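Q: Read off the chains here:
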Amino acid sequence: MAQLQDNKPLFIISGLMIIYALIAWSGVLHPLMKYLHTAKTADLQVSMGLIAGGIGIFGALINSVRKSGNTIIDRFVLQPLPGILLILLMAMAIRWYVEPLVKLMSAGLQPVLGFKIYKVLNLNYVILGLLAGVIITNSYGIPKFAAAGVKCARFVLKMGVIMLGARYSFAELAKLGTYSIFLVGTFVLGTVFFVLWLGKLFKQPKTMTGVLSAGMGVCGVSATVAVAPVVKAKSEEMAYTIGTILSFGIICMFVFPTVGHWAGMNPVQFGAWAGTGILNSAQVAAAALAFNAVDIKTLKVAEIFNITRVLFLPIIVLVLATWFGKETGKKLTFKEVVIDKFPIFILGFLLLFAMSSMGLFSPPTHYKGKFIDYSYNERTQVTDQEWETLNTTVQSNSIQGLTEEQMAAVKDLVAQRQLAGDFESRADKKVFNKQGEARMFQLESILAAAKGKTITLDPDVKAAIKHAIKQVHKKSKTVTTLTDCMIWFFAFGLIGLGMQITKKAIFQAGGWPLVIGIISGITKATLSFFVVLWLVKDVVLK
Amino acid sequence: MSDDKITIETGDAGKGESEIAKDANTEELEERALSVFSSERNEDLTALVLSLITTFIVLVFTKWT
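Chains F and R, in that order, give the protein sequences.
For the first sequence, this note's numbering begins at 1 and goes up steadily by one.
For the second sequence, this note's numbering begins at 1001 and goes up steadily by one.
Bound-form chain F, shown alone:
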């Protein structure tokens, strides 16, 4: 009976999950899901609730009928299970309800404030999860039954970092010339060493400085999570680093586009600057779009510079492992650093990156699972109605102001019913894709001209061209699913991490991480501004 009583929390949490799954399955929640834009995840909500709840009930029953022992199953499954399910329940609430609600509220406040709070403060599952964990620990405290589950947080975060490797591929890196890679690498390593030096100057703990240097140098949240075990950073130090990076990014999102316009930067220069100077990927994209929402090149260059930084992660891990070993008074040999100290989970990141680059998940040219496919396929064609609209427009020559190349691209779209290379060159994929790429560039420039109001385009024609471009943009289901797994791992891990942060620890660190972060961030942004203006002229992509 006492054992049954001990398992009450697990029965309750599992029961709640199953009840929720059944309600979602009945369709009662569909209008709410539609309102929150989460209807696409309805199946996932049902299956996740049923599976997790089922495992929970099963675990609670086993715990009730047998005496707890010291077997592997006890230690790694049965004891942490209540905590794991509690965190999972919180992650589900955040991803399916809190985050969409914050998004909706921020959209509602936009007319009053003039900007979306959600985007500016980056209030996504990362921040919301961390906050939820911190609030629970510092108000109610971690429930006793959940203590062992909370200890799984770091382990799950590591799984998230491993999955991150699947989102990138070598082909994307190869698009940058060696000169640009050198530029990114110099700034990444330069920032890491600069932060380490600042940490020494301000007498900060090595663990804090180490994790902050990776966050400021590489790419924010994922780098922080990846480097933390190497430098033995505490939960609050990771949270501080994430907070510092995101706070600095908020300032950058406003300042970068204004300075870029003021300095007369071209789209490529701004992309290179934002991709080098701003840390968080979402904030890089926001700044690039704020600078130039019309020319897609700005965003593309910024994103490629940004992902190149992510790929420096393993090098930074090695550098920081050596530094940390030396700082703690250990003399490390090359073998010790490369083989003994190199975290196995970073090898996992590299393994998934290699699998992704070889095309196991998606064509090797993909970027975050997105790729362009010009090959002939009925599903890639425009609709009959769209074809009719385009054909009539071309026959009557009613679009004015197009260049010869732009007109040729529209004519070809009518002739082939889809964006593609020449039919005759379909056997030579390289030539075929190049022709398709050139046509897409022309069609995109037509849409940009219409957006910039230099030409007038009939809304139906515009929609048809937009659709044709959209049709060749494919998304890999495998990479999308792996990314979803990564997001869940991060959401789970960050809630658990937040639960390990006490008020006392927050006050102990003081405001120094923010000071160091802002000094190094401003220095990096200023230096990269001049270097980009001086060295990057126009073409940085091959």
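These are computed hints drawn from the structure, not numbers from a lab.
Bear in mind the structure is a predicted one, so any value in this text is a computation, not a measurement.
All C-beta atoms in this analysis are idealised placements derived from N, C-alpha and C, irrespective of residue type, glycine included.
Certain hints may be false.
Said to hold, decoys possible - With the Cβ distance kept under 10 Å, some of the chain F side facing chain R (calculated, not the full set):
no., residue
1, Ser476
2, Cys485
3, Ile487
What the hints assert, rightly or not - Pulled from the structure, derived: some chain F residues nowhere near chain R, Cβ distances all over 12 Å:
no., residue
4, Phe11
5, Gln79
6, Lys119
7, Trp262
8, Ala408
9, Phe423
10, Phe432
Dock chain R against chain F, hints included.
A: Frame of chain F, contents of chain R only:
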């Protein structure tokens, strides 16, 4: 620095045993106490194996079927 090791009961959800340096500082003890695994290597290896299993399952359902 002494290489002597002692065995303590920490990690592995509070039930397992960890081998740590005799002169290990409290930070190392705290670090292991925050994980269900008794060593960093065990934690990393388990994360890697579970990630590969997840990847394989995703491939089976999204690409190979």
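Q: Checking the smallest CB distance to chain R, is F:Phe432 really beyond 12 Å?
A: holds (24 Å)
Q: For F:Lys119, is the shortest CB-to-CB distance to chain R above 12 Å, so the non-interface label stands?
A: Fine: 30 Å to the nearest Cβ keeps F:Lys119 off the interface.
Q: F:Trp262: least C-beta distance to chain R exceeds 12 Å?
A: At about 45 Å from chain R, F:Trp262 clears the 12 Å cut-off, so the statement holds.
Q: If we take the beta carbon of F:Phe11, is the closest beta carbon in chain R still more than 12 Å away?
A: holds (20 Å)
Q: Far enough from chain R: is every CB of that chain over 12 Å from the CB of F:Gln79?
A: violated (5 Å)
Q: Please verify that hint: F:Cys485, Cβ, nearest Cβ of chain R, below 10 Å or not.
A: holds (6 Å)
Q: Just checking, F:Ala408 versus chain R, shortest CB gap more than 12 Å?
A: The claim stands: F:Ala408 keeps its Cβ more than 12 Å from every Cβ of chain R (closest is about 37 Å).
Q: The hint names F:Ser476 as touching chain R; please verify it with the least Cβ-Cβ distance against 10 Å.
A: holds (8 Å)
Q: Check the non-interface label on F:Phe423: least C-beta distance to chain R beyond 12 Å or not.
A: Since the minimum Cβ distance to chain R is about 29 Å, F:Phe423 lies beyond 12 Å and the statement holds.
Q: Does the interface hint hold: is F:Ile487 within less than 10 Å of chain R, judged Cβ to Cβ?
A: Violated. Min distance 13 Å.
Comparing the model with each numbered hint stated earlier shows that hints 3 and 5 do not hold.
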